[in-house]
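*Asks:* Letter by letter, the chains look like this.
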Amino acid sequence: MSIQDGIRSIEEEFDQHGYITDHAVAISLHLVKTLQKPLLIEGPAGVGKTELAKVLARSLNTKLIRLQCYEGLDAAHAMYEWNYAKQMLHIQMRNGTNADPTQIKEEIFSEDFLLTRPLLQALKEEKAPVLLIDEIDRADEEFEAFLLEMLAEFQISIPELGTIRANERPYIILTSNRTRELSDALRRRCLYQWVDYPDFEKETAMIKKRFPDISAKLADQIAAFMQKLRTLPLAKIPGGAESLDWAESLLYLHVNELDKEIVTETLGCFIKGKEDWKTVEAVLEEEELLHP
Amino acid sequence: MILSFQPLSRTGNLTEYVLLFCQALRREGLLVGIQEEIDSLRALEAVAITNYEQFKFALQTVLCSGKEDIPIFEDVFYQYFEKKDDTREMQKRKTKDGQSDPHSPHNKRKSGSNDEPMTKTKRKQGKNKEMSSSFSYGADQQNTSEGLGQAIQFMAAKANKQSQKPREAIIPESDLDKMEKAAYRFIKALKLRQSRRTSSIDGLLLHGRKTIRRSMHTGGVPIDLMFKGKKPEQAKIVLLGDGSRSMAPYTPRFLQFAYCLTAKHRYTETFLFSNSLTHVTSQLKTEERYLPALHMYEDTWGSGTCIGDSLNEFVKQYSHAYLTRNTIVLIMSDGLDTSEAGQMKEALQEIKKKTSLLLWFNPLLGTPGYQPELTRIREALPYIDIFAEAHRLDSYVQVSREINKQR
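Chains as they are written, first to last, in UniProt numbering: chain A, 1 to 292; chain B, 1 to 407.
One chain only, chain A, in its complex shape:
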């Protein structure tokens, strides 16, 4: 397969799985496969960063291992943890057997007593999985340091056991909503892709792809409305995910065309705050959002 075909096939595979991608994203995914480097995807919430990793796993027909980051996430929850209860039981069982203490130590610090967490699990898979480290910006800065070895060497060092290397290098996708700045050390170990809100054509294509029964007119209206909405000073700007939610709701309501009344009734599909609600309602009164 030529290089051109390789990149085109990524776009086609994603298209088949209902994800409209652009050329830049397809190239970065191609480079993830060929350079075997992690990919850091940044962008506003709701633009499809997580979905991209999910679709990648489906298109590669491989497992998706997901690590959802949060404040306070530590190595014990992300990489590995010793099964202390099992270790204690084992020590008690061996107590009366006059076993050599060194041997007991070796036994309890073997892989049988290791609880694998997502990162370690990704290294142990026989077939390279897609490892999604979601919303890395929510984790503490200290956690980023834990990740560095994994991202650069695809290995985890366990002091009691040694270094565990990947059977097959996982495809690592990190996502960030930029709620805080990530360290340069982490960034340097990753390829980078910025995913922005979809433009009109892409958004229309997304809606039509996800809901083939939707009328072309309604899909265009939703996309155009969203494009205008994103220019308003909103605290939470709706992304592509909200457009799809809204389109689905409108389909359920058998709506074929947008008007002021139906938009007001379904505002909750894409507006997620009181202040934003008021802002949109005020603009809707002037009917600027519904007309070109």
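No lab work stands behind these hints, which were simulated from the structure alone.
The reader is advised that the hints may include incorrect statements.
Stated by the list, open to error - Here's a subset of chain B near chain A, in silico, CB distances under 7 Å, partners left out:
1. 31
2. 42
3. 43
4. 52
5. 53
6. 58
7. 61
8. 67
9. 320
10. 321
11. 383
Said to hold, decoys possible - Derived PhoX-like pairs (lysine-lysine); straight-line CA-CA distance at most 25 Å:
12. A:236 <-> B:191
13. B:405 <-> B:354
14. B:228 <-> A:278
15. B:316 <-> A:236
16. B:353 <-> A:274
17. B:354 <-> A:272
18. B:210 <-> B:228
19. B:345 <-> A:274
20. A:278 <-> B:316
21. A:278 <-> B:345
22. B:188 <-> A:228
23. A:274 <-> B:316
24. B:405 <-> A:274
25. A:278 <-> B:352
26. B:210 <-> A:105
27. B:316 <-> A:272
28. A:236 <-> B:345
29. B:353 <-> A:228
Yeah, the Cβ is synthetic: ideal placement off N, Cα and C, and Gly gets one too.
Starting from the known structure of chain A, fit chain B onto it as the hints suggest.
*Replies:* Only chain B this time, still in chain A's reference frame:
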């Protein structure tokens, strides 16, 4: 289409040219080291380099490490790899450069201590000079066979002559110990302010699982007790200093304060502005025993004052990272703003909305008879929690008391 070359000197091959390109990006402050150079060459082997889009996106994926890097990358890319069909696009880009760009590439990270900051003006000048020597990426090339070294010849870029002279800001050594004490008091005042808000019942409950896990290190004896509840977040301090000519007598003290705060408080970010904004935190952090000198260009230091524009630039570029409910923003300026009306008010409104405390140090407050009568200052006052003088060292001590009064 025929490829057009106007060679000044030839590098001979693509590898060398890409390395020159990487070096140019490094000079602009992008995180491009040896590994990135190797990766960029590997990436080019993995795509069809005769396809302009693939060529560009492959390099962008490898060499950019943040959203702010992308406009810088594009600027330099067009200098080095101009596509013939892109004349119109280039014209658009040039026009756009003349306007206020929300993605202004001032948000740069330093890849090395010797790297000089690059201003918007300087980049533009560099671009115009290098344009004639850049490689024209014609449509014919898309039909040529794939692979490195085929069908492509590159020229060396001219050295990026920078016409704008760098300026240096010196942090004074006098009374440094007193300023350190003032910074310490300031941090302490913020901690006291914060403690009331972060206390919760969760912090008093024992976390059984964490305590057992921690006790494994001490043979199962729970010496270190772990408690539920979130770790109290540390306050973030954002300092925005006006480096314009009118502030020249007062900024050295401000820089001294910023230096002391940076040394004592992990989450301190400092920005300086005059006509545009520059992030100088990395320059203030030093392992050396002597005080650092800050290197900037006249856009940031010793020029006019576009407070509104600079604050707006800060909000657009950095609010996502630095403005949280735990952030304290301190602006040091005399308020003599030349930005368009409403700009400063809009930025302060946004900062106030997202942060817990907004302080404004105005050195003119120390002038007898001064009243904040300027329209811009009057517009700003409703958003400012503490409006304090800052014309002498004691002002920095005094502000801690003001913060305590606000509790």
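*Asks:* Now, for every hint given, state plainly whether the structure supports it.
*Replies:* Here's how the hints hold up against the structure:
no., hint, in the structure
1, 31, "holds (6 Å)"
2, 42, "holds (6 Å)"
3, 43, "holds (5 Å)"
4, 52, "violated (11 Å)"
5, 53, "holds (6 Å)"
6, 58, "holds (6 Å)"
7, 61, "holds (4 Å)"
8, 67, "holds (5 Å)"
9, 320, "holds (5 Å)"
10, 321, "holds (4 Å)"
11, 383, "violated (16 Å)"
12, A:236 <-> B:191, "violated (30 Å)"
13, B:405 <-> B:354, "holds (22 Å)"
14, B:228 <-> A:278, "violated (38 Å)"
15, B:316 <-> A:236, "holds (15 Å)"
16, B:353 <-> A:274, "holds (15 Å)"
17, B:354 <-> A:272, "holds (18 Å)"
18, B:210 <-> B:228, "holds (9 Å)"
19, B:345 <-> A:274, "holds (23 Å)"
20, A:278 <-> B:316, "holds (23 Å)"
21, A:278 <-> B:345, "holds (22 Å)"
22, B:188 <-> A:228, "violated (46 Å)"
23, A:274 <-> B:316, "holds (23 Å)"
24, B:405 <-> A:274, "violated (33 Å)"
25, A:278 <-> B:352, "holds (20 Å)"
26, B:210 <-> A:105, "holds (23 Å)"
27, B:316 <-> A:272, "holds (22 Å)"
28, A:236 <-> B:345, "holds (21 Å)"
29, B:353 <-> A:228, "holds (24 Å)"
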